Amino acid sequence: MGYPQKSHPKETVVLSEHFGDPSARTYDGWMKLGGYRALEQALGMEPQAVIDLVKASGLRGRGGAGFPAGVKWDFMPKQKSRPHFLCCNADESEPGTFKDREIMRWTPHALIEGCAIAAHAIRAEKVYIYIRGEFTEPIAVLEQALAEAYAHGVLGRNAMGSGVAIDVHVHRGAGAYICGEETALMNSIEGRRGNPRIRPPFPAARGVFGSPTTINNVETLTSVRHIVLRGADWYKGLSLSNPKSTGTKLMSVCGHVAKPGNYEITMGFPMKSLIYDLCGGMRPGRTLKAVIPGGSSVPMLNREESEACILDYEGCVAAGTMLGSGGMIVFDDSADLVYQMMRIAKFYAHESCAQCTQCREGTAWTVRILQKILAGEGEMSDIDLLLDVGEQMTGKTICVLSDSCAAPVGSAIKKFPEEFEAYIKGARRRAVALV
Amino acid sequence: MHETTAYEPVFTGPTLTRLEEVLARYPDRQAGLLPALWMVQEARGWISDDAMAEVARVLGLTPAYVKGVVTFYTMYHQHPVGKYFIQVCTTTPCNICGGEEVVRAFLEHTRCGELGATSADGLYTVIEVECLGACGFATPVMVNDDFIESVTPERVPEVLEKYR
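Protein chains in written order, with the numbering used here: chain A, 1 to 435; chain B, 1 to 164.
Hints were generated in silico from the structure; no laboratory data involved. In this text the structure is predicted, and so the values were computed from the model without any measurement. Treat each hint with caution, since some may be false.
To be verified - Now the in silico label distances, taken between C-beta atoms and shown as ranges:
#, chain 1, residue 1, chain 2, residue 2, range
1, B, Asp146, A, Val13, 25 to 33 Å
2, A, Tyr276, B, Thr17, 27 to 35 Å
3, A, Trp234, B, Gln78, 51 to 59 Å
4, B, His109, A, Gly237, 47 to 55 Å
5, A, Lys32, B, Thr15, 35 to 43 Å
6, B, Leu123, A, Gly395, 24 to 32 Å
7, A, Val13, B, Ala6, 30 to 38 Å
8, A, Pro77, B, Thr15, 49 to 57 Å
9, B, Asp50, A, Asp384, 24 to 32 Å
10, B, Ala64, A, Arg283, 50 to 58 Å
11, B, Pro80, A, Ser334, 36 to 44 Å
12, B, Asp146, A, Ser81, 30 to 38 Å
13, B, Ala64, A, Lys80, 51 to 59 Å
14, A, Gly280, B, Pro63, 49 to 57 Å
Said to hold, decoys possible - Reference listing, derived: stretches of chain B covered by chain A, where coverage requires no fewer than 3 residues with Cβ under 8 Å from a Cβ of chain A:
#, segment
15, 7-21
16, 28-42
17, 71-80
18, 95-108
19, 144-152
Glycine is no exception: its CB is placed at the ideal position from the N, C-alpha and C atoms.
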């Protein structure tokens, strides 16, 4: 992982190679490490050739949805009738996920390079890096790196002397998880409330400022430069047995492990080895209870499921969950899952944009029902009520924030019913008010 | 009758120049709204109704529209806050690692008493914040623009030393 710990021998270090090395942040330091060679190479290629290369690599979106990046780029119009835009999604706000922050803090030029390569591929002359407002340090590091990139002619009207115009700007968010949803993100760039938009039209047809737009995650764009440099076959080769999930993935592991942090694994790596070898296992004297593997929005796995789970897109689906953003929240036997589900629901209730009734009401009522159970006033019928509310919140709204609240809560009820029943039967009680 | 002091505009001189530079990055002026609001908050510490009206005038929007946007985003302060605005993460990953104890320690040591209240000396406001995106470094805390990782209740007095 490179920072703050040394990489583990079982990691496959590609994106995280320079984490913890301050010299990689500067233009001069980055050039010594072979910086902007991939961009130079890509600018010498036809845009379609870059798209085909990324398609062939099998790279899939690292923000959560796992959509093939090259296919997404190919949706952009080939004949340009309006300006094209690229938005880099750096709004990293999914509980459990903290990988993009490290990419931006330590290797800002790697992201800028990836942005510029993608901009060339989709024929966009402008890139907005939409970064969450709380990331003050990554913002400062990126702004500095951008200033250097402009000063050295990497960006601007004539990027690296290629005749191609590429501008990259940072757009700072202001505290809204929902702005990580791609259509809300575009609204936020346009100076609007961050409400998701109904699709169609899809961004490639009508995105930011009414123009064709592609939105890619920080980790996705940073991976692109390695594909350009080392080829699609090399990238495809980074996979343990499943050709549909290729490359490396930064897994953010947090919660009750001995060594939380970011670990870079090859797709197909066993979750068991990630937890027990790379993260040093659980805290002393504790045992694994559950894992939410893809950021807080996905179904929870119990111990047996976690220890058997293969970390790639298909492996997580087979285990009944999703790889998502790769933000793993690990719970040991001390965790009170009823209370923690209330906290997760509270997060979604706080972050709901409130456009859709199912989400606005569903998230808030999930919190209230869980608080009632925690206060020792729950009834057995409340469990069914929670599941019913969750079902009404799934697949019925403009975006998936509502589904993201229902998934962890519903799975916790199904996998750990005894924890909920203990509260309802009076065996446990917990004060809900914080102070 | 109370005498009200005249509102002093934010966007004059170098600040206006800086805004115009930012606006050049976008195809229309409305896209400069979030950056403009950040500039107001940087200058004044919060965003008053008068400031919203000024931003509206500069960008060619209505004050109601600007207010609609300000109220959507949690980081824009619609009221003055303490000199040091302290945000402690208590979302699940930090929660299971003791985030709530860190909040209690801040409330106690700042004498804020309750969440969202400003201490009598005007120095501190403490709030719980949803996921700061540094879950592997529980508990992350923001004091104004400073991002501090791995804060424990024991470290709180030491953290506060810097902010007096």
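Checked hints:
1. Between B:Asp146 and A:Val13, the C-beta spacing of about 30 Å keeps the proposed range 25 to 33 Å intact.
2. In this structure the supplied range 27 to 35 Å is violated for A:Tyr276 paired with B:Thr17, their Cβ-Cβ distance being about 57 Å.
3. Range check, A:Trp234 to B:Gln78: about 52 Å between beta-carbon atoms, so the 51 to 59 Å window is met.
4. Between B:His109 and A:Gly237, the C-beta spacing of about 54 Å keeps the proposed range 47 to 55 Å intact.
5. For A:Lys32 paired with B:Thr15, a C-beta distance near 38 Å keeps the hint of 35 to 43 Å intact.
6. Taking the beta carbon of each, B:Leu123 and A:Gly395 are about 48 Å apart, not inside 24 to 32 Å as hinted.
7. Remark: the range hint 30 to 38 Å for A:Val13 to B:Ala6 is contradicted by a beta-carbon distance near 60 Å.
8. The hinted window of 49 to 57 Å between A:Pro77 and B:Thr15 is violated, with their beta carbons roughly 39 Å apart.
9. With their beta carbons about 52 Å apart, B:Asp50 and A:Asp384 fall outside the hinted range of 24 to 32 Å.
10. The beta-carbon spacing between B:Ala64 and A:Arg283, approximately 52 Å, falls within the hinted interval of 50 to 58 Å.
11. Roughly 41 Å separates the CB atoms of B:Pro80 and A:Ser334, a value that falls within the hinted 36 to 44 Å.
12. For B:Asp146 and A:Ser81, the Cβ-Cβ distance of about 46 Å falls outside the hinted range of 30 to 38 Å, so the restraint is violated.
13. Between B:Ala64 and A:Lys80 the CB atoms are about 37 Å apart, so this pair departs from the stated range of 51 to 59 Å.
14. For A:Gly280 and B:Pro63, the Cβ-Cβ distance of about 55 Å falls inside the hinted range of 49 to 57 Å, so the restraint holds.
15. Counting residues of the segment 7-21 of chain B whose beta carbon lies closer than 8 Å to any beta carbon of chain A gives 0, which falls below the threshold of three, so the coverage claim is violated.
16. Counting residues of the segment 28-42 of chain B whose C-beta lies closer than 8 Å to any C-beta of chain A gives 9; at least three are required, and the coverage claim holds.
17. Using a Cβ-Cβ cut-off of 8 Å, 5 residues of the segment 71-80 of chain B lie near chain A, which meets the minimum of three, so the contact claim holds.
18. Counting residues of the segment 95-108 of chain B whose beta carbon lies closer than 8 Å to any beta carbon of chain A gives 7, which meets the minimum of three for the stated coverage.
19. Check on the segment 144-152 of chain B: 3 of its residues sit with their Cβ under 8 Å from a Cβ of chain A, so the three-residue criterion for coverage holds.
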